[in-house]
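J.: Work out the full structure, taking the sequences as your base and the hints as a guide.
In order, the protein sequences belong to chains A and B. For reference, each letter of the first sequence is one residue, going 1 to 155 in the numbering used here. For reference, each letter of the second sequence is one residue, going 1 to 245 in the numbering used here.
Since the hints were derived computationally from the structure, they do not count as laboratory data. Mixed in with the good hints there might be a few duds.
Stated by the list, open to error - In silico BS3-like pairs for lysine-lysine, Cα to Cα no more than 27 Å straight-line: (1) A/K101 with A/K119; (2) A/K49 with A/K61; (3) A/K61 with B/K153; (4) B/K153 with B/K203; (5) A/K101 with A/K61; (6) A/K49 with B/K153.
To be verified - Partner residues aside, some chain B positions facing chain A, computed with beta carbon under 8 Å: (7) F12; (8) I55; (9) R59; (10) S73; (11) S77.
For glycine and all other residues, C-beta sits at the position ideal for the given N, C-alpha and C.
For reference, the chains in residue letters:
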Amino acid sequence: MTKKNGNKGQIRVIETILASFFIMFALTFANIFAALPTSPRYEATELQKLGFNVLQDLDEKGLLPRFVYNNEWDNLRAALRVTLSADTHFNLTVYDLDGEKVNDVSIFYGDYQTFAASKNIASVSYGLVGYPVQVGGSYQAVYEPRTLILQLTRG
Amino acid sequence: MRKLRANSKGQFVIIAVLLIALMIVSIGAVMSRAVTYYKHEPWEEYLTLLGNVEISSSRLVELSLANYTNSASPSSSILKNNLQNWQGDMSRIYPGYGITLAATLPSGPYNVYGATATYSYGLNYTWQKRASFSVANATFTLNVTSIGLTGYKYTSIAFLNLTILSVNTDTSEITVTVKRENSEPIFNLEQDNFQVDGRTISKVSSRYDDQYIVVYTIKCQGTLTLPVTVRVWDSRGIKVIARYP
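T.: Pasting the structure below:
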């Protein structure tokens, strides 16, 4: 009888160990498969990075200066739509150095109401220096900076 | 056996303590990763900003070389002037970052991809030769005070080389190679990119070559007479004029 009472503590310890294993296993399993929502606190930063990367990618390919300096606004909008995910709404505005808006056509994708109601709107500023334009048999390469302001939000 | 059983009471406690310690360490590692993840995040944003500034600087060097090589009266201070303007305009394009950009332009003879270029304010063209080229070079030092970055250096080079390999007067064909920075061949040139002085080009074709990778054959109308002068413009607008022989 004394021996039986002596083993009681050991059983409790084994139970605790097993329970701990179960809890650890459950936590690990949940951590692997859980798709946690992005924290609103960091959402703007994530979108800002995304915006920078998209514009930089288009610039590296030589598409961004071509679209901006040849006023190919529809092509620019299509390129951004293809590059960004479907749930990312954007509004791009092109300014010259005097702060005058250059794009006469809206470069916008998404729902205006979603944009207006969203609490997390990221804004990215991106600079272009100029673009050589073919005139006759030669090229004109003039320093003519443009500032691109890209606003992003999730739909 | 009975003796062993009697002495094994404390072993379970030790194992439990060890396992709990292991779990604490594991949770500690997970928590540490969770805390430090967002701590490093802004650096990725700043890296894209640095990438944008670097690309813009390269574009400015290319634009200045295109202006220099296409101008009827080229000014060697065009790169210097553009850089000064860009340094001032950068704070308006990227407000709040505290970006300052300084540039050094080489002057005098330098070796550029096997050829000697005598720079004037970072610009040079050596034309009217079988192997002709245009080149621009600038070394930048970038400071971004908002993140405490100082002395970030990088060099931007714009280069275009046109070499006339052969001229066949019987078939009126000129064979040339066109290369850019790091002696990389340019693939996407068409008839509009070339001009032959005094002749009309009827066709431009490209083919693979073991030695030069890409070789362009310019077919001209009429009979070719030596010497032959060929002009080329790449997609960046940079011009080179080569002459054979």
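J.: Does each hint fit the structure? Answer for all of them.
T.: We went through each hint and held it up to the structure:
1. A/K101 with A/K119: 25 Å, holds
2. A/K49 with A/K61: 18 Å, holds
3. A/K61 with B/K153: Holds - the C-alpha atoms of B/K153 and A/K61 are around 24 Å apart, at most 27 Å.
4. B/K153 with B/K203: 44 Å, violated
5. A/K101 with A/K61: 25 Å, holds
6. A/K49 with B/K153: 23 Å, holds
7. F12: 4 Å, holds
8. I55: With a closest approach of 6 Å, the B/I55 hint holds.
9. R59: 5 Å, holds
10. S73: Interface hint status for B/S73: violated (13 Å vs cutoff 8 Å).
11. S77: Nearest chain A Cβ about 13 Å off; hint violated.
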